[in-house]
Amino acid sequence: GNSVTQMEGPVTLSEEAFLTINCTYTATGYPSLFWYVQYPGEGLQLLLKATKADDKGSNKGFEATYRKETTSFHLEKGSVQVSDSAVYFCALMPNFGNEKLTFGTGTRLTIIP
Amino acid sequence: GAVVSQHPSWVICKSGTSVKIECRSLDFQATTMFWYRQFPKQSLMLMATSNEGSKATYEQGVEKDKFLINHASLTLSTLTVTSAHPEDSSFYICSARDPGTENYFGPGTRLTVT
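Residue numbers (my numbering), protein chains in the order written: chain A, -2 to 110; chain B, 213 to 326.
Please keep in mind that the hints were generated in silico from the structure rather than gathered at the bench. A hint or two may mislead.
Said to hold, decoys possible - In silico DSS-like cross-links for lysine-lysine, where the CA-CA straight-line distance does not exceed 25 Å:
1. B:K253 to A:K74
2. B:K278 to A:K97
3. A:K97 to B:K267
With the hints as extra help, turn the sequences into a complete structure.
See the structure below:
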């Protein structure tokens, strides 16, 4: 079956530090890949996505590249801000069949001033 | 972007009672809605897929008689937790899929069963 593995948190960084949150997946075929963010007290929001190999999703300074050879979709940001503190979820969706999202366990990120 | 609302945002109920949670897509029609359960420090667990006008499809291990789902219209799905018990206490999240296959999530409902 499909699965997503994320690096375990929590992750604590200083403001302006470089961020990487690792995500690898197992799936049949070529799924679409997503990063969702959940700010405190809010629902999940789509942060970025990529639908095919070598695509790069980007938004709000975050980037992730769909690497089929390593089945990875690592999230990166060059300089984090306090407002980036949230829980980040990696997810995949098959491009055929049931089209259900499969989520990783989430990584809690805390940025300290 | 599209907005999905949930009501109530939090609810406390006594053991043995039933609780209904509403999920609405406010500015688009959603033929498919999903219900998730989120445990503390854990990921979202898909409970069921709700399609307008048809019976919900439940994931393995989810009791359909306990978690009743009704998708009455293209903008409303409801989850009723029947005869709730303390172990049902959790954070319940819905998502609605728009015609472009984008998923939009509601803010969640915190259920506490005493």
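Hints, verified against the model:
no. : hint            : verdict
1   : B:K253 to A:K74 : holds, 23 Å
2   : B:K278 to A:K97 : holds, 22 Å
3   : A:K97 to B:K267 : holds, 17 Å
Consistency note: the structure conflicts with none of the earlier hints.
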